[in-house]
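Number of protein chains: 2
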Amino acid sequence: MSADDTQEAREQLIDLAAQFYDQFELGEIPHMSVPTRTKNNIEYDEDSDVWVYGDRESTRSANSVQGARKLLKAVYTIEFLAEQLEEDRSSTLRELYYLSESWDNEEAQFSSQDESNNLVEDLEIVSGVTREDFHMRPEESGATIMGPLHLREQTRRGEREIHCQEDVGEGGYQIPNNPDTIEFLDCDADFILAVETGGMRDRLVENGFDEEYDALIVHLKGQPARATRRITKRLHDELGLPVTVFTDGDPWSYRIYGSVAYGSIKSAHLSEYLATPEADFIGIQPADIVEYDLPSDPLSDSDVNALESELEDPRFQTDYWEEQIELQLDLGKKSEQQSLASRGLDFVTDTYLPERLDAMGVL
Amino acid sequence: MSADDTQEAREQLIDLAAQFYDQFELGEIPHMSVPTRTKNNIEYDEDSDVWVYGDRESTRSANSVQGARKLLKAVYTIEFLAEQLEEDRSSTLRELYYLSESWDNEEAQFSSQDESNNLVEDLEIVSGVTREDFHMRPEESGATIMGPLHLREQTRRGEREIHCQEDVGEGGYQIPNNPDTIEFLDCDADFILAVETGGMRDRLVENGFDEEYDALIVHLKGQPARATRRITKRLHDELGLPVTVFTDGDPWSYRIYGSVAYGSIKSAHLSEYLATPEADFIGIQPADIVEYDLPSDPLSDSDVNALESELEDPRFQTDYWEEQIELQLDLGKKSEQQSLASRGLDFVTDTYLPERLDAMGVL
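Protein chains in written order, with the UniProt record's numbering: chain A, 1 to 363; chain B, 1 to 363.
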């Protein structure tokens, strides 16, 4: 991220604090409004093609002791973040929580990590600046990329130029916490294959799928970190690469696809920054369990509940998903992506993926 | 791993199958004995300085239908592994489980993943060959390294020479699944600092701790993967680097230290391959919670139980650990490594680590 961006993030934060000042001056009780972050308050934005927060708001106001304390914490946090940006440093959410113990005003100290996490999210929403631009690092690290991509990463120790096949070991290129420090130099990939499990990621790399099909294999590592979603979106937007998502065939994995494609309810304010609405789901589809006669496990009660809750989730209200989820509820079965190995170790790269990518119009 | 090693692993496996053949020929009921894998059957081996299995054994014998089925599965698995080595391929434990569905004899198919996992462990123990040398990949990926180390990794796509500071991004060098494919070319590091959490790993990298103190920062990422423990041991044994382990100050984190230093009960047969008995614990020590007045949380019931169980664990029966664990039970408190941020973001690199490393005789 450039010095200009850092400066801008800092100004946005200071503007926030200035609003409280203005409210005081006008004789108003200081307050801050943020969108309500629940499933009922996310809606589809036709312009950006992602789900964003609706109109419902909740207000933090100094008209109660509790509200006043929240605003006090916000002001202390803004001061810390502005200083951090000034000094070009960064910190984790957890460090912020502990650091608050050193603040002079005890009322401003956080009583739990949830409280400081939520406040930082509120500040993201109200200021329109992302956590990464506040230089707040996640605890979770991003995952890896393997494929024909040459990039330049701006590190604190200078620039690094890395080719994500030729300059890395079998583990691939480790995505940094803030992928906006990356510039794409050259890319011979035709599409992105984002893969849930490490076992499948390694299978694809061993079978040379990235080389044979000019694919960028992005390891999601379960529920993907923000860094992983961000770089996927940038690869799509800036290089025009189609994004395909390959997960297990169960409701928890559909949520992984959902977080890549539509963003999450908790961070719908970041959908335009993190979500790739054009991302397509490869599988494992419930239909694949039948078509390829895959080894499966019975759905548990919590699987059934999760599927039913997805039918109610606006992000999954498409003909495709309704059909697949209802089929799965009928079947009463789920399958993992590695169950394709029951047809042999090369079935996934020789047959399954080429057939699916062809059907999806990617190949 | 070299072609010779692959050939040797293959022969060890075939020897195992040959034993059953010999037993048949001698008119014996085929059987296989493996050490009992419980806490009561691990003991300290003075030669290698690690904990290994004791003399208790359990026998899988074909004198019952259940036992015969176990041996049948073992033979099918041996055949699969021998073929895999022949073709220089690899697979995950999960793939093996699913692949068994394609075996002609239904009795040989695994009924659960636990069953196939346990069988592969039995084969490791009986053959003396590690899972990595069978070319079985873990699901869990290894973590990352940052520091003054230049290495050569033998990948399926040829050799890669990588410097773990100069040729990697801020994410560091991703440890491959089998670190025995790595050759160390050159190392300017004075010691290894193995770190539990991503947040702390990033703090150390941001503060340039690896550069200032010539440290190799190995990210453990919670309970470390086998690959992470293996490369740590190799760095210690081959380059003579002292290993220090830096975790949260709670019983679960002491187990992370224990798995680096002493190996785990479940894989005591691999201690000589994975464990670094000379590894030292930096902290967070219960004594640090008092000395540095760290923010803490009260011990939960399960924390107390875990601490008490560690007092019974032969791996923790040293004066140092007994004193620390009893102190913690008295205090009734635990602290995370990032709680050092309550003294400022640089406290860990300017004060805490230098003081501890000095006291431990590493600096």
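Keep in mind that the hints were calculated from the coordinates and are not lab data.
Be aware that a few hints might be false.
One copy or any two copies: either way a pair holds, since identical chains are not told apart in the list.
In silico SDA-like links for lysine to any residue, alpha-carbon gap of 20 Å or less [claimed, not checked]:
hint: 1; residue 1: 70; residue 2: 87
hint: 2; residue 1: 333; residue 2: 111
hint: 3; residue 1: 70; residue 2: 36
hint: 4; residue 1: 70; residue 2: 22
hint: 5; residue 1: 39; residue 2: 180
hint: 6; residue 1: 70; residue 2: 120
hint: 7; residue 1: 333; residue 2: 112
hint: 8; residue 1: 221; residue 2: 140
hint: 9; residue 1: 70; residue 2: 104
hint: 10; residue 1: 39; residue 2: 14
hint: 11; residue 1: 221; residue 2: 6
hint: 12; residue 1: 39; residue 2: 70
As the structure is a prediction and not an experimental result, all values here were calculated from the model.
How the hints compare with the structure:
1. 70 <-> 87: So residue 70 and residue 87 fail the 20 Å test inside a copy (26 Å) and across (63 Å) alike.
2. 333 <-> 111: Only across copies: residue 333 and residue 111 sit 16 Å apart there, 44 Å inside one copy, limit 20 Å.
3. 70 <-> 36: For residue 70 and residue 36, the Cα distance is within 20 Å only inside one copy (16 Å; across copies 57 Å).
4. 70 <-> 22: Answer is within: at 18 Å inside a copy they meet the 20 Å cutoff, but 77 Å across does not.
5. 39 <-> 180: This pair counts as neither: shortest intra-copy Cα distance 29 Å, inter-copy 48 Å.
6. 70 <-> 120: within (12 Å within a copy, 55 Å between copies)
7. 333 <-> 112: between (40 Å within a copy, 16 Å between copies)
8. 221 <-> 140: Intra 11 Å, inter 9 Å, cutoff 20 Å: intra and inter.
9. 70 <-> 104: The answer is within: 16 Å in one copy meets 20 Å, while 66 Å across copies does not.
10. 39 <-> 14: neither (31 Å within a copy, 58 Å between copies)
11. 221 <-> 6: Answer is neither: 30 Å inside a copy and 30 Å across each miss the 20 Å cutoff.
12. 39 <-> 70: neither (24 Å within a copy, 50 Å between copies)
Of the numbered hints stated above, those contradicted by the structure are hints 1, 5, 10, 11 and 12, listed in ascending order.
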